[in-house]
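Fit chains B and C to the known structure of chain A by using the hints.
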Amino acid sequence: MIRPLILHPDRLFPVDPGTRSVARRLYEHIRGLPIVCPHGHTEARWFADDAPFGDPLQLLVTPDHYLLRMLYSLGVPLESLGLHPETTAGAAIDARDAWRVFAAHYHVFRATPSRLWLDWVFAEIFRLRHQLSADTADEYFDVIGEQLQTAAFRPRALYERFGIEVLATTESPLDDLQFHRALRASGWSGRIISTFRPDPVVDPEYEGFHAKLAALSELTDRDAFDYPEYLQALRDRRALFASLGTTATDHGHPSAATAQLTAREAQQLFGRVSSSPASAQDAELFRAHMLTVMAGMSLDDGLVMQIHPGSWRNHNAALYRRFGANIGADIPTPTNYVRDLKPLLDRYGNESRLTVILFTLDESTYARELAPLAGHYPALKLGPAWWFHDSPEGMRRFRHQVTETAGFYNTVGFNDDTRAFLSIPARHDVARRIDCGFLAELVTEHRLEEDEAADIAVQLTYTLVKSAYRL
Amino acid sequence: MIRPLILHPDRLFPVDPGTRSVARRLYEHIRGLPIVCPHGHTEARWFADDAPFGDPLQLLVTPDHYLLRMLYSLGVPLESLGLHPETTAGAAIDARDAWRVFAAHYHVFRATPSRLWLDWVFAEIFRLRHQLSADTADEYFDVIGEQLQTAAFRPRALYERFGIEVLATTESPLDDLQFHRALRASGWSGRIISTFRPDPVVDPEYEGFHAKLAALSELTDRDAFDYPEYLQALRDRRALFASLGTTATDHGHPSAATAQLTAREAQQLFGRVSSSPASAQDAELFRAHMLTVMAGMSLDDGLVMQIHPGSWRNHNAALYRRFGANIGADIPTPTNYVRDLKPLLDRYGNESRLTVILFTLDESTYARELAPLAGHYPALKLGPAWWFHDSPEGMRRFRHQVTETAGFYNTVGFNDDTRAFLSIPARHDVARRIDCGFLAELVTEHRLEEDEAADIAVQLTYTLVKSAYRL
Amino acid sequence: MIRPLILHPDRLFPVDPGTRSVARRLYEHIRGLPIVCPHGHTEARWFADDAPFGDPLQLLVTPDHYLLRMLYSLGVPLESLGLHPETTAGAAIDARDAWRVFAAHYHVFRATPSRLWLDWVFAEIFRLRHQLSADTADEYFDVIGEQLQTAAFRPRALYERFGIEVLATTESPLDDLQFHRALRASGWSGRIISTFRPDPVVDPEYEGFHAKLAALSELTDRDAFDYPEYLQALRDRRALFASLGTTATDHGHPSAATAQLTAREAQQLFGRVSSSPASAQDAELFRAHMLTVMAGMSLDDGLVMQIHPGSWRNHNAALYRRFGANIGADIPTPTNYVRDLKPLLDRYGNESRLTVILFTLDESTYARELAPLAGHYPALKLGPAWWFHDSPEGMRRFRHQVTETAGFYNTVGFNDDTRAFLSIPARHDVARRIDCGFLAELVTEHRLEEDEAADIAVQLTYTLVKSAYRL
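Going down the list, the sequences are from chains A, B and C.
Residues 1 to 471 (the numbering used here) make up the first sequence, in order.
Residues 1001 to 1471 (the numbering used here) make up the second sequence, in order.
Residues 2001 to 2471 (the numbering used here) make up the third sequence, in order.
In case anyone wonders, no lab produced these hints; they're calculated from the structure.
Heads up, the beta-carbon is just placed ideally off N, CA and C, and yes, glycines get one too.
A portion of the hints provided could be inaccurate.
Claimed, not checked - Computed Cβ-Cβ distance ranges for the label pairs, DEER-style: (1) B:Ser1467 / A:Ser243: 57 to 67 Å; (2) B:Arg1419 / C:Ser2189: 54 to 64 Å; (3) B:Glu1139 / C:Glu2450: 42 to 52 Å.
Extracted from the complex, chain A is given alone in its bound form (with noise of 0.2 Å):
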């Protein structure tokens, strides 16, 4: 059956005509406003080189985690979808295979954010007239796959269309940011930033740790297996980083956990996790020590802090084994900020001069702890609505939760936190159009003048982003 495409003007706005009404005055104030991208995982090297994206499987469903987990689990083998198994040889699967695969399993994504995301894309980048099924996957893989290899598709140009103002990608200390360095010596205008993201030199955990924490002191010409030559090997990097435009960190922990341990501890601590593979509580209080240690390093050297805790990775074993990491089996785990917090915000929570900004999975501490933290501490904000909460629906319930305990002045806009980068403006575009719509419901209910919703909407979409990530 095929079905039109349509994206109507009035989408995701309340249901209330009154209410609609003021929405779409908000809307209409904001939308041309710039994308502002602090949070992400699109790749330097996209901008760098301005090479056309592949084939519409490549570029649209491969990489999308969001899509391979929901199919995976009515039954759809990865394979099936492109996925080749890390473990066994063996020929891939036919691109339009796979496409046809996915076309006929579109409709399992009916009202998920997934099926915003991509009919926008649909139809907004590539012109399409027809909803994706069984019946139009050929259309879509002949008409995407011919418009991927004109100029008018390739990265520069698409970022140059979506109104990209700035666009921030996530890097390891590791990485030698030459399609950065390569952006910057380019002479394009288009601001690409990355973020320091220092997980696999600091969990001990991470696959490869002491290879890594090898890597790290020859990348430094320091020894990172000594711990006062490991802590300036991180701030040299930092520095680095900076140089480059860098204006945060991201942190990525099981947990919130932040520990205050003594210099002589600490130097004890790390000589253990260094030299031998950590024990599980070694590994945590290592973590945990060193987001307060991070910490410390941002108050020095400006970087925002991000901590994004609370996601199980990798939860499902078997997969992981044949299929390595980003299938779709991180799961979320209840987290506790009251408590893991407290060492850091002992230290460093008075300082406004310090900017962490907190995220998470477990929407219950939205407004019992979040909202009374960030609402007290000069040193927190909130991040927005994460992973499998940035939806309609999670977006809502995030505003609607933490707003009358934290106010919009300490929340920092909008992430699209997404590899998928063509699904940018439609990511920005869902989050404008449910914060126009949260803001409506105030102004209809009389807790908020529409000229003050119109304010607000503009800090929410721009001005607050670029403050709280010092862009």
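Showing chains B and C alone in chain A's frame:
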């Protein structure tokens, strides 16, 4: 005061008039679909014997823990409602007097699902035209009592009038299933099947566990105190249930804990729990082990597995001593699915031939744990909002919190989960109305086209239930 | 920029026009009811002395931890708001200057309850006609300051103008209640009563616990270091409070833990905590024990028991050292009621002569724990949305999440719980509007008839408060 009793045709639909119109159309589309009841607690004997139900009190009040707990919480003695303490001798209270007590307190159920269900029963089944209250108590008692004696109100007649397609009861492996056998032999066209609920013989803390193992031995001609024979006895009973139509098992443990033990560990553990009173730790570990074992058996014999964890049974010790179980003192507890299910998922989570349906009493797990798990593992599906959450608001929270991550196709439609046979159509009607209202909002927000919503409404009401439960 | 200050008559009502009309009618039905304040933190001295309040800053800003924490979180030093560190000497800041700082930041309270409450105070009490901002700061300071000196703005006159029927303050057992005595002797018709809050003499971790036991000894002529005498001293003080009008106690423990100890265990535990600094474990156990003891005393003397658990007091250690308590660094923590209250409930839960009112800062317990507990145990009732959740969205979540399981009749109406006397009518008005909006939705969804909703509105505003608190 006598108030009219009105079931408004638009009840439970969204308040916005435009959205309400969509909901009405969606509801018209599915209202005539058969009722499928894959999980519940009615009694096979009712349909085997087809004898008239008893008086209004016995039928509608004394077996309904929702009613008893609420009235008790407000100071109404259970004795005055016709319950008789197990610990004392004495005459039962007059049924009409108890009914009057119930009627005089009927206003305390305002805005609860009990009120929705009962008003439907009163209006639709018994054609009563005034609200229940002290003033109408006798009229109700007489009118209901008289009708119950007529042929049209016998169990089979009601089953047919309700448009039920299949109705699952729940039995222990020790049940002889005589009424299910009788029903199959009777030639009646109704489809009544059992659900295999092994708690009495897999939970070492179940009252009389050792006696139950002895009974299992006798029933199967196996030595259920010998571990391999015990497992075979369970397989035998599963096969017998399946031969009489059973398609599912059900497991009601205090937590969602699962375990993966070696054969030797399992044998030793069984040795301990089968020979003497189990320690709390051994009991929990054995239950955890048996969930994993049962998943393996389900993979072999195709029975769908339901897990209903997280209820603290008989929390009110004094009341339990006086009146026994099921009088409303079961209270939900926090449940952790991501950690607790991992052993089972490590072993069977990737099996798309296995279906494990998860339920929860801890709504904080909907978006944080259950939707991400079901949205990844092929073996997992999400059961509907359960027990305290089987209500308009509870169902809305379920849909709002799971749909964006798990989609519709990882859910399994509605369970009435009730022993209140007369309320079954009312309960399904509430679910259908709430689902149509939820879908209508998606349509009005332009997140779904109306024809897609109509298709999903059929799925949620009928198709997904039949396929998930293999009916 | 100068904006008009408008309190819209439809504020906080549902956005759907039909539902709003119902809400308006329900609100008209109850808006004239007296204000009943069964729990709060105003000072009896204000009404005993009936002296004019101080300047606008002292009256409205410096005692309000909601304001202080938000401003502090956004980098505003507490000193600039007129707070004086306890640890340093120096002159206080000029009140007008501090007021200007507050005014210049007033926009950060957009969409918070503080804004709702303050705007009401500004518009309804002081007849101000423009929003507070940097531009209107001086006008506000002058207009409010002048009016506060007039007779109509003295505490008793405002009490009468507000239509308050009874107002409960909160005092320690060590308080001599001189102002309550003076008020009873004064012949003034206002009803100001105390609430008995024994934390200082039952919590071994309370600052100066041993000195407080000594003070208790002196006050009661009993040896409060002897366990039986200690209990009798508490009974004496309860009786004294009750003789001056007290109808309730209040307990603010870090957790909801209760215990059931033998007499011997209790005696030994008291021996330890009363003779030397308590271990954390002993302190928690003694608090837990004393909650159960206090429930027993309540059963004897009829005082209603309130439990406000789950706040981590003075989470910001540095700020606490500098400024002391109550400047906004109290942060909620997860709370477990089902496990923690069991010892108390095992002993007293079935007593319908006892009333224990439960509050929470952990909204995840509303539907999972609190509603099921209150919907079963005769001794339990649910207090309203508390503290961070005393807000439009917080109240809606409370009603949406508890009503279907606990019903309306296990709730106790609204608490303003405030030391901000001038905001009391505003806070009750918010609660009334939100309740009417919630009821209106039930009416529009045909879950309740409008006359039933009107009856419930009176119950929630007045009847249930009076009966639950035995006023």
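Whether the CB-CB distance between arginine 1419 of chain B and serine 2189 of chain C falls inside 54 to 64 Å | Taking Cβ atoms as reference, arginine 1419 of chain B and serine 2189 of chain C lie about 56 Å apart, which means the hint holds.
Indicate whether the distance between the beta carbons of serine 1467 of chain B and serine 243 of chain A respects the range 57 to 67 Å.
-> holds (58 Å)
CB of glutamate 1139 of chain B to CB of glutamate 2450 of chain C, is that within 42 to 52 Å?
-> violated (24 Å)
Consistency note: the structure conflicts with earlier hint 3 alone.
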